[in-house]
Amino acid sequence: MAQSKAKNTPGAKTPPEPSGSEPPPLSWAQTHLLDAHTLTADEVETVLAEARTFAEILNRPVKKVPLLRGKVIVNLFYENSTRTRTSFELAGKYLSADTINFSVDTSSVKKGETLIDTAQTLMAMGIDAVVIRHASPGVPYQLAQFFGHRVSVLNAGDGMHEHPTQSLLDLYSMRQRLESVEGRKVVIVGDILHSRVARSNIHLLNKLGADVHAVGPTTLLPADLDKLGCTVHHQIEPALQQADVVMCLRLQLERQQSGLIPSLGEYARLFGINRHRLMTYPKPNVLLMHPGPMNRGVEITSDVADDPAVSLILNQVTSGVAIRMALLHLLIGHRDMVKQPGLDVLGASGSPNDVLALAEAELQAGGAL
Amino acid sequence: MSSMVLTGGRVIDPQNNLDAVADVLVQDGRVTQVGKGLKAKADAVIELQPHHWVCPGLIDGRVNFGDPGYSDRETIRTGAASAAVGGITTAILMPTTKPVIDNVATLEYVWATVRRDSAVRLEVLAAATKNLEGVELTEMGKLTANGVVGFGDDTAPIANTLIMRRLLEYAQMLDKPVVVHPQDPYFSGAGIMNEGYYATLLGIPGIPAVGESLMIARDLQLLKRFGGRLHVARVTTAESVRLLRRAKYDGLAVTAETTAHHLCFTQADMQRYDSDFKVQPPLRTDDDQQALIEGLADGTIDSIVSDHTPHNPDEKSRPIDQSPYGAIGTETLLGALMTRLLQDDALTPTTLIKALTQNPARCYALADRGHLSPGALADVTVIDSTAQWVVDPLQFKSAARNCPFKGQTLTGQAVLTLVGGAVVYRHPTLSEAPAPVVMG
Chain E
1 MAQSKAKNTP GAKTPPEPSG SEPPPLSWAQ THLLDAHTLT ADEVETVLAE
51 ARTFAEILNR PVKKVPLLRG KVIVNLFYEN STRTRTSFEL AGKYLSADTI
101 NFSVDTSSVK KGETLIDTAQ TLMAMGIDAV VIRHASPGVP YQLAQFFGHR
151 VSVLNAGDGM HEHPTQSLLD LYSMRQRLES VEGRKVVIVG DILHSRVARS
201 NIHLLNKLGA DVHAVGPTTL LPADLDKLGC TVHHQIEPAL QQADVVMCLR
251 LQLERQQSGL IPSLGEYARL FGINRHRLMT YPKPNVLLMH PGPMNRGVEI
301 TSDVADDPAV SLILNQVTSG VAIRMALLHL LIGHRDMVKQ PGLDVLGASG
351 SPNDVLALAE AELQAGGAL
Chain D
1001 MSSMVLTGGR VIDPQNNLDA VADVLVQDGR VTQVGKGLKA KADAVIELQP
1051 HHWVCPGLID GRVNFGDPGY SDRETIRTGA ASAAVGGITT AILMPTTKPV
1101 IDNVATLEYV WATVRRDSAV RLEVLAAATK NLEGVELTEM GKLTANGVVG
1151 FGDDTAPIAN TLIMRRLLEY AQMLDKPVVV HPQDPYFSGA GIMNEGYYAT
1201 LLGIPGIPAV GESLMIARDL QLLKRFGGRL HVARVTTAES VRLLRRAKYD
1251 GLAVTAETTA HHLCFTQADM QRYDSDFKVQ PPLRTDDDQQ ALIEGLADGT
1301 IDSIVSDHTP HNPDEKSRPI DQSPYGAIGT ETLLGALMTR LLQDDALTPT
1351 TLIKALTQNP ARCYALADRG HLSPGALADV TVIDSTAQWV VDPLQFKSAA
1401 RNCPFKGQTL TGQAVLTLVG GAVVYRHPTL SEAPAPVVMG
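Residue numbers (my numbering), protein chains in the order written: chain E, 1 to 369; chain D, 1001 to 1440.
None of these hints come from the bench; they were simulated from the model.
Careful: at least some of the hints might be erroneous.
[As the list claims (entries may be wrong)] Computed beta-carbon distance windows for the label pairs:
1) D/1016 x E/226: 47 to 57 Å
2) E/284 x D/1221: 58 to 68 Å
3) D/1313 x E/123: 12 to 22 Å
C-beta atoms are modelled at their ideal positions from N, C-alpha and C, and glycine is treated no differently.
Looking at chain D on its own, in the form it has when it is part of the complex (with noise of 0.2 Å):
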């Protein structure tokens, strides 16, 4: 197969302010044309209707897919199968593994392991400190001659202020973001949820707002000071989306994601002490949650990510303050995110698209994707934006079953996923194709 044509659907492709129908023309696994009637011009054709919406291959900023050391919660295979169902083409792995992805023999398996088991394009996050211990710097220089996106120590914050410098400093030197996970490790503690009301209601030990809007602080002061590229990882808090415009206000370097599940639930969610609304960092008040709705709307706040986070179901049945923190999101992402934010209009499809499309591939300087220029990968995933479904776990094709989205009907789902021009997923409803090239 060399050519297939994708007709009649809405395309949205934000970078290149395209809202209309057309085709879109893959040739030899990268995009050669979008336009109108270019079905005489391909091998295969897939027939689409205008609910159908073709845009960029989603980009997932934030994974944790298993491997190598927690094989029991997730692998590669698994993991990468359940980004290709979500309409994910590219998603990044973090650090956070056994041992710590922090050294070029340990990511050199990675690669292995990912040429060999993935549907997907998977994309690595180097830790910015050895082991995660934000005492000594990794051997950045190696590791991005081996392929790292960016460097940082996942959910590990940075607590000297003196190794976030240095941090700064050497990785902009490599072109590289450092990836903050901006919660003050004092102040976090033993906590577990969101400081305030419900904390106090349910007895379950609070993590204040403000030790992550201090984190941030710091970091925009140094990024001032001493230059570089800054990544705010999984930003949540009204106070820190305010500092963020501020900062981008003043131009400097600085990208910021949050998460579907900060968009989608609030600290109230913790009612049931259900683990599976456990998460690092809390889910947090209503005024938070719109705040972040405002930034994204606003630009403020970049991209939107999984933070796909597998445990096994021992770990996750245990007491609340026992239980490990995380949510899957890889199968959710898309259909959670346009039931929460296209469905009473807090966003337009186009900015929604783009936070999970261009933004991202911006962030960590991915030129080739995120758009449907010509000549950029044919990473394209095809969105049913009427189709209902009702999430169910046990129908992942994730190993884990985590996921706080369990039983919600949710509007919206990926149902054709191409990685460089093949089918990695399809839906059953989307009928007569080309043999799907099914991996995973």
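Just chain E, same shape as in the assembly (with noise of 0.2 Å):
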């Protein structure tokens, strides 16, 4: 591993270019996260590959590794989340980096202090990836924009926009019970026109060639929905027939408020995912997925919904954490490496091989960090 870490130019900010004969071990460029939408497909295999990984790490008794110690990664939500800031905050701290919850209630942003005054003062504080949730639409955007290649930027949803490690951590949950998604049918139910999850998955499984389809009510389907990549249904059970994987969204409780339904209980009535619904129209081993948190009894009944046979839903939030790991360790792992002392046993290649006999030896050594 010695030689691997020649290839790292000291002070290089971003991953360096596979140099020499030897096979590139990971297709990764990128300094953010912003988007599914322009993630190459070989991008998300490498994702994908890295998670895998850390996914046997934590299977394991002591789950911290090195790989990020003295990074520091911010989670900067300016909405509420449990599983994601969670899920990114113990992927964070399993990498041994130090993750800071930024907490925009207590923090100046109650007193004004804008979205750019916030970034330039993480950035002086030598932060090195911010996580961001954000109810504008672009504001990952804005952030990279600013920081440049100085911090990675982590889009963990933005408006309506994207949610892209949900949909990388859906996808990979998927695969662990189907071999591809290559010409699977994909059929997510309910409100799309607000939904960064939707949006998402959409970009994301039409890149790994699944047939991808998208059902609700038609107050709850954005414009041109069928070119972003999926046929559109307003009749349920048409919409299930012989899917491979059914993905409830959640339905916020405004939009009824709102006009765009009449009640939530005609809702559940039309579009709800209930066991006989479940049982009638798709594959027989269809698998039924939630992005949480959930309505029970309004887009998805309890009885399918805790069902281990079908329903992926813990599996999503386990394989978040290992999503969220991969994505931090590709984006942030590699920087800098060499600066860092008392690392030197650490391989900037960032082969997934790599990481796993480090962790042995990190093991071996009895070094439980």
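Hey, can you piece these two chains together into the complex? The hints should help.
In structure tokens form, the structure reads like this:
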């Protein structure tokens, strides 16, 4: 591994290009993860391959590896979140990074500090990555434009735009059960109009050759949705026919108040996923997903949500940590590696094997960090 | 100085059907003669080349100069200076100030500031309803007596059909146009950009195009039934152009304008989440843009405005859904339009100049401007039709920087701006001349 270290130029701010005759171990040249729309299929495969490696680490009694020791990751959440924030926090901690939750409620943001001022402050503190969630679409782009290559930005959900890490973990969960999503029929059900999860999933699944369908009330489907790359339905039964995967979306209570649907009860009647629908129309081994948090009895019934034979919902949560470890490692694991004291053992090529070998070495040295 | 001749340039005066190399003689603030061999008649001579177009001074039908109330964005002094650089000799101020220009006292303040600070002629569109609320009419008679050119609530649509009827009726008595912003307020809601593929892709709330044309359809029906004069501001959709074409065919007293940015950009330009492209109405599709150009070519759309809307950088750097609408445009108006519309012969130079001179003058009944007939005000813009320049907002005379054309290379630029025969702007490349009277 010593020779692989030499590939990294000291002080390089971006991951190095693979050089020499060795096959490139990774297809990753991004500083930020801003959307799923512009990820390449190769990049997606790289993230999933890394995530598989980290998933193994998560099964161990000692989960910590020192890959991001000395790195600082800030969770900058302008919207409430349980699983995404916790998942990012754990992912950073398992990688030995220092993760800080920047709480908007108690910070200067409350005093009127602008986004760019907050970003400037954080950068001055020498952080390596920002995980941003914001109610406004495009905020991760604004941050990335401000930071350039100095700080990595990970989009953890921006308005109705995208939630790329969710779509990556959804894909990862599907691939645990299905060999490949190519040619598989994936049906996304519900409020697509307001859903960043739906948008990211449509982009990603299309890249990998899935047959993507969307179904929901006409008032909750955005204009020109088909042009994003999916077949649009307004009736649940034909949409579910021969489905391999059914992905439910959360229905916000506010949608009724703003006149988009008459009532939650009617929505459940027309579009709710229940055992009857799930067992009648899709393929026999259909998989059920939900990004959470669920409105049980509205978009999904408990009998299927809690059935481990069909439901991937808890797998999604577990996958989330592995995916976020993979992304954090890909984005900031290779930066300034040589400058970090005490990490000489680390290969800078970042291949998944290096990661495992390193974890082995740590364990054998009894070095719980 | 009492007389000056512009010699050797290509004179484009659409109202007089003139497009030829000729001399323009101005005396005591008025145009006195256009023709050959006038050089000897003047005290001062400005030598030009045939690539210099000598046009009636440009009339920008829609600007916001921030005063009163928003001097952190722009002032009448900086706004007028930016207009002069852009070759604009008359600009029409919108009433969306703080306080709103909906009463004579505020109007008097604006006139006083204009007299003191403005390098160019500024006219005022007064609010049609008090505080732009769409409920009570302003004192339109008093405002007319104090020199406003028309009435309109700028970006606030007149939602109430009955109020719209009253406006048309009352303004008709005063022989002033009612200027409407055609956007259904319920439809636009929280919308930010044109509803469609890009809004869906970008997760940005959409404003459907039909929200514009259905308001135009309503107002045309009212116009047909109750009379008056209607000017439709900022037309942006293909369907709106179709409705207006039909209305003009039917002989209704309607005029219409579009903006430079709607002719140069589309919804796809929102992809960078750059709020300098967040304008009202939103940028539309390629098809809409093509329809606007066709509308200009066949006279359905009369005029093109800059819709100069300054904001300070703090406001514009907010997230896309929290930043204010609007872009500045006085200094890029001419270059942007010449680059976009003339290079691929979408419009002839005469049609373009007409939309920037003769037509806006007619919309607002400014009979002494927009042409170079003897006796007209000596407001003249000389354009270097070959000048290439890169848009750098930091060099602008405008105090604001929210310019979507930033970084673009444009072809065509004002090099000399005369207001009442006085030089208010002169580009350094245009040498030797009488001592310029630089204002602003």
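Hint check results:
no.	hint	result
1	D/1016 x E/226: 47 to 57 Å	holds (53 Å)
2	E/284 x D/1221: 58 to 68 Å	holds (59 Å)
3	D/1313 x E/123: 12 to 22 Å	holds (19 Å)
Of the numbered hints stated above, none is contradicted by the structure.
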